[in-house]
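**Student:** From first to last, the protein sequence lines stand for chains E and B. When you read off a place in the first sequence, starting at 1, and then add 62, the result is the number in the working numbering. When you read off a place in the second sequence, starting at 1, and then add 1, the result is the number in the working numbering.
Honestly, the hints are just simulated from the structure, not real lab data. Hints may be right or wrong, so weigh each one.
Stated by the list, open to error - With the C-beta cut set under 10 angstroms, the calculated list includes, among others, these residues of chain B facing chain E:
1. Trp145
2. Leu148
3. Gln161
All C-beta atoms in this analysis are idealised placements derived from N, C-alpha and C, irrespective of residue type, glycine included.
Here is how the chains run, residue by residue.
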Amino acid sequence: MPVPDDRDPVTQTQELVACHECDQLQQLRYPPASRIVRCCRCGAVVYRYHPDALNRTLALTTASLLLFIVANAFPIVAIDMQGNVLSTSMLGAIAHLWTTHVPVVAIMVALTTLVVPTLTMLLLVYLLTPLQLGYRPPGAAELLRLLHLSRPWGMIEVYLLGILVSIVKLMAYAAVIPGPSLWALMLLIPLMAAMMGTLHPDQIWRRLEQLS
Amino acid sequence: MTTARQMRLAGCHDCGLLARLPHEHGHCPRCGGALHFRKPGSLAKTWALLIAAMILYIPANTLPMMITGSIVGTQSDTILSGVVYLWTSGDWPIAALVFFASIMVPLLKMIAILLLLITCQRRSRWAPQQRTRLYRLVEFVGRWSMLDIYVVTILAALVQVQSLASIAAGPAAVAFAIVVVLTMLSAMSFDPRLIWDPVDEEQEIPGETHDANH
């Protein structure tokens, strides 16, 4: 299925845009000439544009999803304390918090490192696959809004930093053995950053409008 | 310089579409989200969430974050004493990182939101560009305060009773997790366009009443 070239000068249009941070009205050309278009007054990002954004995001999401499964299926780290080997996985750590009477923290950790990242990736695959094939997925508008709402709550990159800090703290007492999950997370973070970087929901909305 | 509100247009919070809004409230024709010129009750909501976060910041820093048990006895560490311990044991880069993420970021974030709230409430026209940048920074760094929560999560799961020592999350972890959530919600409910409203009103021609009801 050929992807329509958005940068065709014939289809390029002038449109009125309001900055979401300072409400400044401005006339902008769409598709824009540069990757990032900033507000002329406050510098907020108005557009993030990539001609092949949907395709790239889909590819990066699929790769991230596979790595995320690996990250959850294996232990993150193991410690060897005088021959006593203990290990934990992402799910194991959450389950432990839940059973040791800090359910509020367990819910927060589960939401930010498990539920939201999984939801983000599944939503993107669900929305982008049909769009790339040329039809509109059912419930697209509601799901896109859900994606927009949940976005700030995914904190996998902070989690990775937390794991690294814990490893440094533990090294004083025990031999630390990094698990497969840690390597998967290290690969996952740049992929997810690229996934979020290429994607601007605006482009999905425009594609949806073209199809309806 | 014209703003969308002066032209009776509103940008959708959810999908970014610019739509005509004849009344105060409406729905986005593209995504169906609620549409308004400014987030409703933005300042009040931001204040409420910020004050709640400030109150909880006290137990988050005074109660123990991590309880370490060993044959010698149990030891409770607050966030700050944990940082001091890391510093004295020679891990100063990690100590600096934890200090920055768990103490400085939440504190500076609350001060920044407070500054934004006070200046917007007084309809200040002072440095709108810098204040918008401050708001963007606050939104960006907030998530990194979760660092200490994750560290405790992993340490508690790894160092358990079977071994000679055990680590458990203390009550401060609950307070701290809630502080992070509240400050994030507070930043989200703040509408940065309020920073620019006094600037735009000043530029309007005197006698012209675009927004008499505001």
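**Student:** Which numbered conditions among the earlier hints are violated in the structure presented, ordered from lowest to highest?
**Tutor:** none
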